[in-house]
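**Student:** Residues per chain, in single letters:
There are 2 protein chains.
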Amino acid sequence: MIKFGEHFDMSYEDMVVGAYRECLASVDKGIDEDRLEAAWLGTCAGSLIRQEIVTGAALAEPIRFFPRPVTRIENACCTGSDAVRNAAFAIAAGVYDVVLVVGAEKMRDIPSRDSLIRQTSVMFHEWWAPRGATAPNRFGQFATAHMKAYGTEREHMGLIAEKNHHHGSLNPHSFFRKEISCEQVLAAPIISWPLGLLDCCPTTDGAAAIVMTRADIAHDFSDSPIYLYGSGLATDPLISPWKSEFTAFPATTTAAQAAYKMAGIEPTDVDLAEVHDCFTITELITYEDLGFCEKGEGKDWLERRGPMLGGERPVNTSGGLKAKGHPIGATGVSQVVELWEQLRGQAGDRQVEGAKIGLTHNMGGIGTVVLVNIFGSAPIAEAA
Amino acid sequence: MIKFGEHFDMSYEDMVVGAYRECLASVDKGIDEDRLEAAWLGTCAGSLIRQEIVTGAALAEPIRFFPRPVTRIENACCTGSDAVRNAAFAIAAGVYDVVLVVGAEKMRDIPSRDSLIRQTSVMFHEWWAPRGATAPNRFGQFATAHMKAYGTEREHMGLIAEKNHHHGSLNPHSFFRKEISCEQVLAAPIISWPLGLLDCCPTTDGAAAIVMTRADIAHDFSDSPIYLYGSGLATDPLISPWKSEFTAFPATTTAAQAAYKMAGIEPTDVDLAEVHDCFTITELITYEDLGFCEKGEGKDWLERRGPMLGGERPVNTSGGLKAKGHPIGATGVSQVVELWEQLRGQAGDRQVEGAKIGLTHNMGGIGTVVLVNIFGSAPIAEAA
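Residue numbers (the working numbering), protein chains in the order written: chain A, 65 to 448; chain B, 65 to 448.
Calculated directly from the structure, the hints in this document are not laboratory data.
Fair warning: this is a prediction, and the values are worked out from it, not measured in the lab.
Some clues are possibly wrong.
Identical chains share a label here; the pair holds if one copy fits it or two copies do between them.
To be verified - Okay, derived cross-link-like pairs now, EDC-like style, lysine to aspartate or glutamate, Cα gap no bigger than 20 angstroms in a straight line:
| # | residue 1 | residue 2 |
| --- | --- | --- |
| 1 | Lys325 | Asp161 |
| 2 | Lys420 | Glu70 |
| 3 | Lys307 | Glu77 |
| 4 | Lys242 | Asp364 |
| 5 | Lys325 | Glu101 |
| 6 | Lys212 | Glu358 |
The following block holds chain A by itself, in its conformation from the complex (with noise of 0.2 angstroms):
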């Protein structure tokens, strides 16, 4: 992947091939372009930014991918994650031996009122849905409604903030590296009370790409792959007055035990995790959704240092989105970048020892979609 940031001097093309360039640069025994069989794109640039009809050739032209089949992939904040299923089903298949998924967005180029919080304050056209409802504001009636069937307070979404600026600020592809405290979290303007501006993720430019192909042939390419155990998929109605509950994200639970099913695995096997904390409320409750404690208890697992490095089960360690960056179509595939070094014990600083097994989790809309992806250092049968 190439750093996450504001990329004023990159195109959407400049970064769809320099996270290509990044990746086949480490594939450790080199790879053949030639070899790429298929790919994926993951971006949501066409409604997002572009406003304009986006298809494959948009990952085919600046890499000169020709005549090979691309398939795009947009599902909201779960389209990396999406990208890297459906590759997986094809090779799954048997139809493909190798290929490739990249996910990229160019958000920076227009003002934020124009992208993140349009997007969601329209994203349903329809009479019932509520205008000038914004992603701040929609995480924020979850906020309000754990706070109080809980007990969870401002300080404990403020400690996540710093937790990920810190876990970013030791990670060289983050968009934000510099550290900052609960203290300044809790002090920052409110955008949608109790979410302040430091309780939310950027809007970032960026681009990820990994490479993957069939477990019996991995070798091929790296004495130490990493495999994909499991995938899970689900979701849950966008509008306030259909949804279910406010403290729990429903679909992340039913996509986790899709994945924690087929990887043959419980949440307590889960070495670390990568989960979307667009807002620092989303990824308390995805501690719970995703079974790593009892619900309700996302606050306690924090105080325990559970999600922290060097705690039960790291959370973030990238940085998540709130200090990587969330460049939408790139956000699941860098999440598995971040798995990729991390079960190969390549993190450096943020290295979590003995890592084994790793999840992303991605959802979009206000968990309307989520999906969940397991991967482990080592094959599944030998896993398990």
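Following the hints, position chain B against chain A.
**Tutor:** Frame of chain A; chain B shown alone:
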């Protein structure tokens, strides 16, 4: 599928529900909705119309599919076919047994000048993209080049429009059910030489849905299912200066060869085809690119009535994009609906006698992404 047309009285969601209900009702032995384990939604709505983020929830919401997984695919005019393709991968991978594929597009709510024309003129946002070059203009370049190289005449294109309107007049699902003559096509106002108004497919509202399942359990649902034999997807540069030629769409040949190979068939084994006649010239060139005739002999094959009902290999018995309509995300799925009727001998007045193998072909951009799927009436082993 629902009848394609101008559905000012239906929302996007109404159309999705309509196609879904038609689909379930068409399952010979009936189907319990709960057997549908996952879905793929093909729609360009986000980029094209709504200019907002559209997730899998745009399908899950109206048909109450929660919490099941929905992937959204967008790949220009290949969108619907690519949804079919990725759903097939998931089944072939053994992840799901029974899935739903829906394609839908609501295009008539905004004037054409803001939709089909705008979309292609701004398809890429980079400095090298042609500004103001519309789809009729871009495809018109291919028409003039083909006319010069091979002696193709405007009359040949007119014959294709006449043929497809005749076919459409026989199809209850078709937008236009009136016949037009070649003379009318030639006399219509010129949009971009040599393409006149009646050489162009319409902007259309519509939705289509299919159920896909494992071949070995298809008989749970029907005694006469149709089988997916092969699929090919290919890419080619969008921008004119980078195109290698203007008398063929190389991605069609690449995609078709991949699909023929997977299916274990030759072009001559195809009994009928639904091809992407966004403009009449596109269909003519596609005859050649698919191998239905030699290069440059599309006009001759047409004169021999090869693609007509009763001819060697009828093309666009549904009416094609030209008469049936072209709601972008729905088109590829609706092509499968036509083959489903034809390969089961249920296409009424437009039935191709003895049809056993059918092909669908979609092209996005200007030959930029092309997808070919091949279906047959018998399990592939028996067919081979």
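**Student:** Next step is simple, just say for each hint if it's right about the structure.
**Tutor:** Going down the list of hints, with the structure as the test:
When the C-alpha separation of Lys325 and Asp161 is checked against a cutoff of 20 angstroms, the pair qualifies only between copies, where the shortest distance is 16 angstroms, while the shortest distance within a copy is 25 angstroms. Taking CA atoms no more than 20 angstroms apart as the test, Lys420 paired with Glu70 passes in neither setting, with 33 angstroms inside one copy and 55 angstroms between copies. Taking identical chains as interchangeable, the C-alpha atoms of Lys307 and Glu77 lie at most 20 angstroms apart only when they sit on different chains, with a minimum of 19 angstroms there against 39 angstroms within one chain. Within a single copy, Lys242 and Asp364 get their C-alpha atoms no closer than 26 angstroms, and across copies no closer than 70 angstroms, so neither meets the 20 angstroms cut-off.
In this homomeric assembly, Lys325 and Glu101 come within 20 angstroms of each other (Cα to Cα) only across copies, at 15 angstroms, whereas the closest approach inside a single copy is 30 angstroms. When the C-alpha separation of Lys212 and Glu358 is checked against a cutoff of 20 angstroms, the pair qualifies only within one copy, where the shortest distance is 17 angstroms, while the shortest distance between copies is 73 angstroms.
Of the numbered hints listed earlier, those contradicted by the structure are 2, 4.
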